[in-house]
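Q: Residue numbers (my numbering), protein chains in the order written: chain A, 1 to 395; chain B, 1 to 380.
Hint data in this document are derived by calculation from the structure and do not stem from the laboratory. Keep in mind the model is a prediction, meaning the values are calculated, not measured. Idealized CB from N, CA, C, for every residue including glycine. Keep in mind that the hints are not guaranteed to be accurate.
[To be verified] Just a few of them, taken from the derived set where beta-carbon distance is under 7 angstroms, the chain B residues facing chain A:
1) Leu3
2) Leu262
3) Ile274
4) Gly276
5) Thr277
6) Lys282
7) His283
8) Ala285
9) Met290
10) Leu294
11) Ser297
12) Thr298
13) Leu319
14) Ala322
15) Arg371
[As the list claims (entries may be wrong)] Subject to a maximum C-alpha distance of 25 angstroms in a straight line, what follows is the list of computed BS3-like cross-link-like pairs (lysine-lysine):
16) A:Lys388 <-> A:Lys186
17) A:Lys388 <-> B:Lys266
18) A:Lys79 <-> A:Lys301
19) A:Lys243 <-> A:Lys229
20) A:Lys115 <-> A:Lys229
21) B:Lys287 <-> A:Lys301
22) B:Lys142 <-> B:Lys218
23) A:Lys229 <-> A:Lys186
24) A:Lys185 <-> A:Lys243
25) A:Lys148 <-> A:Lys186
26) A:Lys388 <-> B:Lys287
27) B:Lys14 <-> A:Lys312
28) A:Lys388 <-> A:Lys185
29) A:Lys121 <-> A:Lys75
30) A:Lys243 <-> B:Lys287
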Amino acid sequence: MVDLGQFRAETRQWLSDNAPVGVRGLTLAIGEGNWGGRRATYPNPNMKRWMEVMAARGWTAPEWPAQYSGGGLSKAEAKILREEMAALRLPEPLSGFGLTMIGPVLLQYGTEEQKREHIPKIVCGEIRWCQGYSEPGSGSDLASLQTKAVLHGDHYVINGQKVWTSYANYSDWMFMLVRTDPQAKKQEGITFILLDMTTPGVEAKPIKLISGSSPFCETFLTDVLVPAKNVISRVNDGWTVAKALLNHERTMIAAAFGGGGKKRTMRDWARDYVEFDGERLADDGLRQRIVQYEMDNLAFKLTADRSRDAAKAGRPPGPESSMFKIYGTELNQRRQELLLAITGPQALGWEGAGFTERELTLTRDWLRSRGNSIEGGTSEIQLNIIAKRVLGLPD
Amino acid sequence: MELVLTEDQELLSKTAHDFVRQHSPLSRLRALRDAGDPVGFSPDLWKQMAELGWVGILVPEEYGGAGMGMADFVVVLEALGRTLAPEPFLSTVLLAGQLLAHAGSAAQKEASLPGLAAGERILTVAYQEARSRYDLQRVATKAERQGESWVLSGEKIQVLDGGAVEAFLVSARTAGEANDPNGITLFLVSRDTPGVSVTLQHRVDDRAAALVGLNGVKVSQAQVVGTVDGGYPMLSHVVDRATVGLCAEMLGGMSQIFEMTLEYLKTRVQFGTIIGTFQALKHRAAKLFMEIELARSTVMAAARAVDAGTADFTQLVCLAKARCSDAYVLAANEGVQMHGGIGMTDEHDAGFYLKRARAAEMTFGDASWHRQRWAQLQGY
Ligand SMILES: Cc1cc2nc3c(=O)[nH]c(=O)nc-3n(C[C@H](O)[C@H](O)[C@H](O)COP(=O)(O)OP(=O)(O)OC[C@H]3O[C@@H](n4cnc5c(N)ncnc54)[C@H](O)[C@@H]3O)c2cc1C
Numbered sequence: 001m002v003d004l005g006q007f008r009a010e011t012r013q014w015l016s017d018n019a020p021v022g023v024r025g026l027t028l029a030i031g032e033g034n035w036g037g038r039r040a041t042y043p044n045p046n047m048k049r050w051m052e053v054m055a056a057r058g059w060t061a062p063e064w065p066a067q068y069s070g071g072g073l074s075k076a077e078a079k080i081l082r083e084e085m086a087a088l089r090l091p092e093p094l095s096g097f098g099l100t101m102i103g104p105v106l107l108q109y110g111t112e113e114q115k116r117e118h119i120p121k122i123v124c125g126e127i128r129w130c131q132g133y134s135e136p137g138s139g140s141d142l143a144s145l146q147t148k149a150v151l152h153g154d155h156y157v158i159n160g161q162k163v164w165t166s167y168a169n170y171s172d173w174m175f176m177l178v179r180t181d182p183q184a185k186k187q188e189g190i191t192f193i194l195l196d197m198t199t200p201g202v203e204a205k206p207i208k209l210i211s212g213s214s215p216f217c218e219t220f221l222t223d224v225l226v227p228a229k230n231v232i233s234r235v236n237d238g239w240t241v242a243k244a245l246l247n248h249e250r251t252m253i254a255a256a257f258g259g260g261g262k263k264r265t266m267r268d269w270a271r272d273y274v275e276f277d278g279e280r281l282a283d284d285g286l287r288q289r290i291v292q293y294e295m296d297n298l299a300f301k302l303t304a305d306r307s308r309d310a311a312k313a314g315r316p317p318g319p320e321s322s323m324f325k326i327y328g329t330e331l332n333q334r335r336q337e338l339l340l341a342i343t344g345p346q347a348l349g350w351e352g353a354g355f356t357e358r359e360l361t362l363t364r365d366w367l368r369s370r371g372n373s374i375e376g377g378t379s380e381i382q383l384n385i386i387a388k389r390v391l392g393l394p395d
Numbered sequence: 001m002e003l004v005l006t007e008d009q010e011l012l013s014k015t016a017h018d019f020v021r022q023h024s025p026l027s028r029l030r031a032l033r034d035a036g037d038p039v040g041f042s043p044d045l046w047k048q049m050a051e052l053g054w055v056g057i058l059v060p061e062e063y064g065g066a067g068m069g070m071a072d073f074v075v076v077l078e079a080l081g082r083t084l085a086p087e088p089f090l091s092t093v094l095l096a097g098q099l100l101a102h103a104g105s106a107a108q109k110e111a112s113l114p115g116l117a118a119g120e121r122i123l124t125v126a127y128q129e130a131r132s133r134y135d136l137q138r139v140a141t142k143a144e145r146q147g148e149s150w151v152l153s154g155e156k157i158q159v160l161d162g163g164a165v166e167a168f169l170v171s172a173r174t175a176g177e178a179n180d181p182n183g184i185t186l187f188l189v190s191r192d193t194p195g196v197s198v199t200l201q202h203r204v205d206d207r208a209a210a211l212v213g214l215n216g217v218k219v220s221q222a223q224v225v226g227t228v229d230g231g232y233p234m235l236s237h238v239v240d241r242a243t244v245g246l247c248a249e250m251l252g253g254m255s256q257i258f259e260m261t262l263e264y265l266k267t268r269v270q271f272g273t274i275i276g277t278f279q280a281l282k283h284r285a286a287k288l289f290m291e292i293e294l295a296r297s298t299v300m301a302a303a304r305a306v307d308a309g310t311a312d313f314t315q316l317v318c319l320a321k322a323r324c325s326d327a328y329v330l331a332a333n334e335g336v337q338m339h340g341g342i343g344m345t346d347e348h349d350a351g352f353y354l355k356r357a358r359a360a361e362m363t364f365g366d367a368s369w370h371r372q373r374w375a376q377l378q379g380y
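So that you can see chain B by itself, here it is in the shape it has in the complex:
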């Protein structure tokens, strides 16, 4: 496992950074927010990203994708994270796409993956509930057998890109108690199924999310993804992989806010001198630099472990998510602080990173949650 970009990855990284600079400045997210856009991203740009091969990057070639690995994908996600591009990579590519690719039946893959890779189908996973926090097995939503069908009822929260998707992968309890990892089943539920209600949620980071109500929603056996009662291990595995992708986005975000802050330190004058000459600020900047360098190493290692399928994969996921969460929040907090008053204004971009850092931190488990998990994995 070499922790260095290959020449192809260097090239991919450059293309992605150039694209982001040209087509996806932060002002785009700001405009979508100001317009109260219910979709929350730019469908046209999504199409372009699909044409570049990014949307289908992980999808196997037989289903129209590029069949590349996580070590390649993280390079793209990092670039997109620099300007907080709100396109549905997490929901459609990393969660739904990967779940279908790993657990879906041949028919499900055939029906979903080519359209997904082409940028035509937006899909997501509805896995969180009001009191589930970060525990994927804490599922109260019920699925009851009715002859050849299943009937779903419950409510899922903060379903990513819920306003734009055409179908959800829903985790529901088919057996066991509320916190039991056994007895969870995944269902592919089309948005227009009777009984499905979608209410947009406004989150602090301006990413599109929704409450999804399931009120006696009837689905067929063919809509079960994977095995009945066996959904948890698959979901957990895919969420771990998706976490690595999220970490790459976070790495891009923290790098960008850090560079903005550095730029400010080199230009802002107070007391007749550039504030970057003050050692109190210099040392904090140097420490932040180290934290980001360490975060980068963990993301690269975790992405390579995903591709290699090595045994320490989960441990490296915990490491990457804990470090990226802490480093991003620190970079954003310090960014606002070192910008002074201007950093607190909506007009300035710093606040967008502050908000996204928190939202990303609280997606797929925050730093302390992953540290607990690490200790458990290590046997203490």
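So that you can see chain A by itself, here it is in the shape it has in the complex:
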């Protein structure tokens, strides 16, 4: 047993010795973290250095096994690390789909060789991953996907089109779903495979969003050759892997939005933009909406705590990640809408004069947030999952 007190003291010391001064106190907006990869751009010159020192200790992936360059920490140690990072106001050294989605799935389903090849590169931020699930005709009904993979010798030849592939144009590899048996029942002919984005025949075209940015792409695949050894788990068994990954995705999305953390409170915003009658917010309607939001937010946070405490006590929760996905993302949407209401006309800026940086960010964050209840499976689909798997209602 490691002495946790000693671990904390050493961690604190190490962080204060090694974290570049320039990253302390750096708060990154959602989607603005360091995503790594061969084409990485860093929001701050110290950020790269920060990622490297952390990666060298495996602390970009604290709980992953040390044999694959992870940190090898226990849950309790990882918690201490997070707390000490928070105390020094240090940002996440690295984020992205490698750490949150494909990594955990490889650890569960990958072969020894696959783990040795890919996990260390995720840990050190060398490879950035994207997710090739959705297709123009297959969104919610993902299992209807059509992108075809045909075996030729020891390679698959892949043809088809993916869509809404977030950051495909910045990514080095893609984990994707392909149809390997067109005759089988739709869930049973799907394979989960890894694709190097530099392979000939892969083309990613950005799509512009209502928020003005273009984080996702249409991805065209024409006679793309992928080694058969890149299949994860068994051929035609991709649906199992796909679902496991979706659980990670939903948990990640929910965790990113729920709880709020150290963000400015609604009251802080209100103080800047709305009249107060002494200690009381003058606009009663707004006051009610803020209360509703804050109470729901705390109830949600307590529920997330409860789920974590139950897991720690060896009573794992059921298929409740859907609940966190729905509630967490919809809370974030309400938060954004409420911030618009509080900020008033100053929330209408797109660019240029008369608006602060914070106001302009708010406008775009609000637009981006409308996607929260769509990405990773829509709220309607999550409600179907709860009805079926948690409540046992018939199809």
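With the hints as your guide, set chain B with the ligand onto chain A.
A: Structure of chain B with the ligand alone, referenced to chain A:
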């Protein structure tokens, strides 16, 4: 503060649920109602519950109780809430018992708590008045000094279990204006004191309540509970704690009506198919599930805050009561709706939950009252 049941609490919960299933089906409340029972609960069952240690669960060990915490008690109350058990937990244990334990003199505790814990004494707090709504400081009942005595006059409404109690803790104004939190004093008034009149009230939820008239009721200084003029903070503190207990009962009720509804969705056939296949109903059921899960988290957090005495206790009480009020009313409304016509009949149990949900919502402050309070606590 871990939001998970300990092994002891798991065990307590199981015992309580088994007991309720065996001895306290909803049909018992229905029978008491049909018989027009003035007491409103089953004294025999109350005795049994005392023997199980539930009645004295919060009473300190030196006074014959178990000296356990709210986090333990809520587990029992939730089970009782499942079948709307009408036993006087709110009045006797959560209100009167806690007030005496917190504010009572040594003599008062000695005289009341052991009997209470043993299930022999039913006590209640008379705190509401016609226009007080949820404000505990809005007290018009007067107590005037007369030599060594006090003389009380006024009327208290919806006094819980008023038909069965042997004494009331009455809030009365000894100084200040009608809405002043200062100047309120609590008196322990025996039911048979001259000038006390008790008239039963019939409430929609079939819980026994009464109007208590105080007409020149003379009590001694020894019957003051706590300090003269200082009753409000104590009352408010105890009502906040009692609110957490009520929330646990509400959690049990909403869980039960929800499960009944789910069962119906899985069996009722219309258009040649089970109605639970209709997505319009499925999604509503899934949302209700989430609301109940969130309500559960708030009750657990509030109960643990009571025991830990943490600073955010009042805030968590507001949260739990607001959420439980909304969730219970929603679960009951949806329960009746999804049962269709049968849900509207007296023969079906759904209506009992509909009625209790409203009554519980309007006890100790409804959702919007607690939201206002929250905003005030948060400084906006
Ligand atoms: C910001 C963002 C990032 C994304 N990133 C990626 C990515 O990196 N990789 C990737 O593969 N995909 C990604 N997606 C795609 C996302 O997973 C899909 O958009 C999503 O699954 C919905 O599919 P769809 O857009 O085809 O909508 P549709 O499935 O066509 O749905 C349209 C509407 O119908 C409803 N609906 C459909 N079926 C049902 C049903 N059975 N019951 C009730 N309602 C139903 C939906 O809820 C929705 O309201 C991203 C999406 C967004 C918004």
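Q: Compare the structure with each hint and give your call.
A: Quick rundown of the hints versus the structure:
1. Interface hint status for leucine 3 of chain B: upheld, as the beta-carbon distance to the closest one in chain A is roughly 4 angstroms, under 7 angstroms.
2. Given hint, leucine 262 of chain B at the interface with chain A, holds; its Cβ is 6 angstroms from that chain's nearest Cβ, closer than 7 angstroms.
3. The criterion of a C-beta within 7 angstroms of any C-beta in chain A is met by isoleucine 274 of chain B, whose closest approach is roughly 5 angstroms, and the hint holds.
4. For the restraint placing glycine 276 of chain B at the interface with chain A, the shortest Cβ-Cβ distance is roughly 4 angstroms, inside the 7 angstroms limit, so the hint holds.
5. At its closest, the beta carbon of threonine 277 of chain B sits 5 angstroms from a beta carbon of chain A; the interface hint therefore holds under the 7 angstroms criterion.
6. The interface hint given for lysine 282 of chain B is met, as the beta carbon of that residue sits about 4 angstroms from the closest beta carbon of chain A, less than 7 angstroms.
7. The interface hint given for histidine 283 of chain B holds, since its Cβ lies 4 angstroms from the closest Cβ of chain A, which is under the 7 angstroms cut-off.
8. Checking alanine 285 of chain B against chain A: minimum C-beta separation of about 6 angstroms stays under 7 angstroms; hint holds.
9. For methionine 290 of chain B, the interface hint holds, the least distance from its beta-carbon to any beta-carbon of chain A being 5 angstroms, beneath 7 angstroms.
10. Of the supplied interface hints, the one on leucine 294 of chain B holds, with its beta-carbon coming within about 4 angstroms of a beta-carbon of chain A, less than 7 angstroms.
11. Taken as an interface hint, serine 297 of chain B checks out: its beta carbon lies about 4 angstroms from the nearest beta carbon of chain A, inside 7 angstroms.
12. Because the closest C-beta pair between threonine 298 of chain B and chain A is about 5 angstroms apart, less than 7 angstroms, the hint holds.
13. Hint on leucine 319 of chain B holds. Least Cβ distance to chain A is approximately 5 angstroms, under the 7 angstroms limit.
14. Hint status for alanine 322 of chain B: holds, given a least beta-carbon distance of 6 angstroms to chain A, under 7 angstroms.
15. Interface restraint check: arginine 371 of chain B against chain A, minimum CB-CB distance 4 angstroms, threshold 7 angstroms, status holds.
16. Of the supplied pair hints, the one linking lysine 388 of chain A and lysine 186 of chain A holds, its CA atoms being roughly 19 angstroms apart against a limit of 25 angstroms.
17. Distance check on the hinted pair: lysine 388 of chain A and lysine 266 of chain B sit about 11 angstroms apart at the alpha-carbon level, within 25 angstroms; holds.
18. Note on lysine 79 of chain A and lysine 301 of chain A: the hinted pairing holds, with a Cα-Cα distance of about 17 angstroms set against a maximum of 25 angstroms.
19. Using a Cα cut-off of 25 angstroms, the hinted pair lysine 243 of chain A and lysine 229 of chain A holds, with the two alpha carbons roughly 21 angstroms apart.
20. For the proposed pair lysine 115 of chain A and lysine 229 of chain A, the alpha carbon gap of about 12 angstroms is at most 25 angstroms, so the pair holds.
21. Between lysine 287 of chain B and lysine 301 of chain A the alpha-carbon distance is near 17 angstroms, which keeps this suggested pair within the 25 angstroms criterion.
22. Proposed proximity of lysine 142 of chain B and lysine 218 of chain B is supported: the alpha carbons are some 12 angstroms apart, at most 25 angstroms.
23. Between lysine 229 of chain A and lysine 186 of chain A the alpha-carbon distance is near 23 angstroms, which keeps this suggested pair within the 25 angstroms criterion.
24. Using a Cα cut-off of 25 angstroms, the hinted pair lysine 185 of chain A and lysine 243 of chain A holds, with the two alpha carbons roughly 16 angstroms apart.
25. Simply put, lysine 148 of chain A and lysine 186 of chain A have alpha-carbon atoms about 13 angstroms apart, close enough for the 25 angstroms limit, and the pair holds.
26. Between lysine 388 of chain A and lysine 287 of chain B, the direct Cα distance comes to roughly 13 angstroms. Compliance with the 25 angstroms bound is thereby established for this hinted pair.
27. Straight-line distance between C-alpha atoms of lysine 14 of chain B and lysine 312 of chain A comes to about 21 angstroms, which keeps the hinted pair within the 25 angstroms bound.
28. For the hint pairing lysine 388 of chain A with lysine 185 of chain A, the CA-to-CA distance comes to about 20 angstroms; that is within 25 angstroms, so the pair holds.
29. The hinted pair formed by lysine 121 of chain A and lysine 75 of chain A meets the criterion: a straight-line CA distance of about 22 angstroms does not exceed 25 angstroms.
30. For the suggested pair lysine 243 of chain A and lysine 287 of chain B, the alpha carbons sit about 22 angstroms apart, so the restraint of at most 25 angstroms is met.
In summary, this structure violates none of the numbered hints.
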